[in-house]
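Asks: Required output: the full structure, derived from the provided sequences and hints.
Below are the chains, spelled out letter by letter.
Number of protein chains: 2
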Amino acid sequence: MAETAVNNGVNVQALLDARKALADAPQAAKFKWRASCKWENGTHSKSTVKGFHGLGEEQSHKTEFSFDADHPEIFAAEDQGITPIEYILVGLASCLTAGVASVAQNRGIQLKSVEANLEGAMDIQGILGMDSEVRNGYDDIKVTFNIDADASPEDIEALVAQSQKRSAVYDIVTNPTNVTVEVNAV
Amino acid sequence: MAETAVNNGVNVQALLDARKALADAPQAAKFKWRASCKWENGTHSKSTVKGFHGLGEEQSHKTEFSFDADHPEIFAAEDQGITPIEYILVGLASCLTAGVASVAQNRGIQLKSVEANLEGAMDIQGILGMDSEVRNGYDDIKVTFNIDADASPEDIEALVAQSQKRSAVYDIVTNPTNVTVEVNAV
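Sequence lines, in order, name chains A and B.
The working numbering numbers the first residue of the first sequence as -3 and each following residue consecutively.
The working numbering numbers the first residue of the second sequence as -3 and each following residue consecutively.
It is possible that part of the hints are untrue.
Unchecked claim - Pair by pair, the computed Cβ-Cβ distance ranges are: (1) B:58 to A:23: 43 to 49 Å; (2) B:149 to A:135: 34 to 40 Å; (3) B:1 to A:144: 57 to 63 Å.
If you're looking for bench data, these hints aren't it; they were derived computationally from the structure.
None of these values were measured; they are calculated from a predicted model.
We put the CB at the ideal spot given by N, CA and C, even for glycine.
Replies: What follows is the structure in structure tokens.
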């Protein structure tokens, strides 16, 4: 079997086993992901991510991860981190890339390198409240993948297509998601 | 003027001046934000963010920022970073928080502390391809703000409402955005 030699570092068997186990216990498939954000000063904030809920119980990352966000100096800010909307590109890029690796493993395709370059176009007249016809977010996001793999160009394109089809972040960006906001004055 | 004493670290005057300048040069308001992602192994990738385009020319963050993404150990991965969909929560949290600080400054409200806790609910039957009725992304995101400020609870609520109204990431999450994907086999 040619697939035996392929190793992209994804344990596809474990994922297939998980799918089987979850079919009998769909409640365990309900996850809750969390982030906590503290305002530092100006537009600078620090978010931390550690715990989440899934497989019917509380879970945790191995360590707490911390992320600074800020605005750049051209917005009269201190640039102590990337902007919030750049985090969306990081999420989209990494989600599609992890998907490419997983699908390639499942299809027995050895990857050599995968690089994704993302560019999101945004007219800041929206967030500055200058023109109500201009949206606040991205008008358009362009993703360019450069992939080196033991496969035909068509099979490589199909990897990306399948990754898009199963990507959580691609779904969030391309479709509307409900957000509820609660405010406590403390 | 009571506002003189208020300092949330946001240079609102610079933003108002920018708005004025951009009114005469709307082309300068067109920004392009970028991220570049390299696959490491398995579901682990590393994204970098440095350059962007705006105010009619190439711009750059003070330093290059780098972000690991991975899946947790319960997905048979190595947990070398947060998951891609957690980056969406980081982006949303930091965007709304920066907005609260900016709006508070503009309204002359002194902030003492701002904390946002986010929780995104997701049924992983979607990404595992178990049930086509289940979406891949979040079903729902809940944001809880705890804000201590020199203002009435109503004025504090109004800060958050205005931040939502002008937030780039809130827009991206709650509304659909077009994503174009190009694949080069190298």
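Asks: Now tell me, hint by hint, if it's right for this structure.
Replies: Hint check results:
1. B:58 to A:23: 43 to 49 Å: 47 Å Cβ-Cβ, so the 43 to 49 Å window holds.
2. B:149 to A:135: 34 to 40 Å: 36 Å, holds
3. B:1 to A:144: 57 to 63 Å: 59 Å, holds
Violation of the numbered hints given earlier is absent; every hint is satisfied by the structure.
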